[in-house]
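**Q** Counting from 12, one number per residue, gives the positions in the sequence shown under the working numbering.
Just so you know, these hints were derived from the structure itself, not from any lab.
You may find that some hints are simply not true.
Said to hold, decoys possible - Cross-link-like lysine-lysine pairs, in silico, DSSO-like; alpha carbons within 30 Å at most:
1) K143 x K48
2) K143 x K248
3) K204 x K186
4) K69 x K237
5) K99 x K248
6) K237 x K153
7) K238 x K184
8) K99 x K67
9) K204 x K252
10) K248 x K48
11) K237 x K164
12) K73 x K90
13) K204 x K99
14) K69 x K248
15) K204 x K90
16) K238 x K67
17) K237 x K252
18) K237 x K67
19) K73 x K143
20) K48 x K256
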Amino acid sequence: MACIFLACAQTQDKNHTAAIDQVVTEEPNPQYSSILKQHIPDSAAIDFIPAYDKLKSKITAKRNVFFQAYERVQTEHEKQIVLDSANKFLQEALVNNVFPFWYGTAWDFNGTTDNPQRGYIACGYFVSTTLKHCGVNLNRYKVAQQYSHSIVKTVCSEVAVYTNTTDLLNALKAKPNQLYVIGLDNHVGFIAKTDAGITFIHASYFGDAVVESESAAESQILAMSKKYVIGNLSGNKDLIKQWLKNSAVSIIP
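All chains should be built: construct the whole structure from the sequences, respecting the hints.
**A** And the structure:
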């Protein structure tokens, strides 16, 4: 009888982690939220901010599901399954859901807005605010006010340094499809690597001076930097665990 109960328990745990592992990653669409399963409202529409608030609530709810699963499973293998799924979900939440709401938001060096398409946002605040809105427990002001290279060290693992875009892009091509944070001489943003390519997502001070996603290989801002400090955000196991547990992220200078 004990063997029967043990088998049932093991089956339940396997089913539980399998359900958690079902994270669908879609190709980026700047007009569609894969979590809300709807097109993003026009920024002038009255339901734009409510839709964004709903998105944040759904992300928080999903994070809680991951946390419950992580606490419930027993083996390191099962815990790793949950962490891997949480990794994929956080990347999906940012790249295909939160970021699209911010595309077109005006850049300003002193911008600190907490809402997309309302007011101005600086590059560091774009990074810290979008992470905060995904449920990462950090002080968005203190993180944003760090030097770009320190922001990378605060939220990423596997930090590497490059001195030209050729080496940077070649290294990225060999890395897994994940979300990275990159610190330049005087700028910071995200690097998203997917099957579709490598994109630089940031609050740009060039051209229209708005939050945008552009080809990393064609970015003038990337090309101008003399130093590139890049780290793995979505693959940072410590950050993912902090996200699951709602633990505060410590500032690393």
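**Q** Could you run down the list of hints and mark each one as holding or not?
**A** Cross-check of the supplied hints:
1. K143 x K48: 22 Å, holds
2. K143 x K248: 17 Å, holds
3. K204 x K186: 8 Å, holds
4. K69 x K237: 40 Å, violated
5. K99 x K248: 12 Å, holds
6. K237 x K153: 25 Å, holds
7. K238 x K184: 18 Å, holds
8. K99 x K67: With Cα atoms ~17 Å apart, K99 and K67 stay inside 30 Å; holds.
9. K204 x K252: Roughly 22 Å between the alpha carbons, so the hint for K204 and K252 holds.
10. K248 x K48: Judged against 30 Å, a Cα distance of about 28 Å means the pair holds.
11. K237 x K164: Holds, at about 18 Å.
12. K73 x K90: 16 Å, holds
13. K204 x K99: Roughly 12 Å separates the two Cα atoms, so the pair holds.
14. K69 x K248: 22 Å, holds
15. K204 x K90: Answer holds: K204 to K90 is near 25 Å, not above 30 Å.
16. K238 x K67: 34 Å, violated
17. K237 x K252: Between K237 and K252 the Cα gap is close to 33 Å, so the pair fails against 30 Å, i.e. violated.
18. K237 x K67: Roughly 36 Å between the alpha carbons, so the hint for K237 and K67 is violated.
19. K73 x K143: Roughly 15 Å separates the two Cα atoms, so the pair holds.
20. K48 x K256: 26 Å, holds
Violated hints, listed in ascending order, are 4, 16, 17, 18; each of the other numbered hints is respected by the structure.
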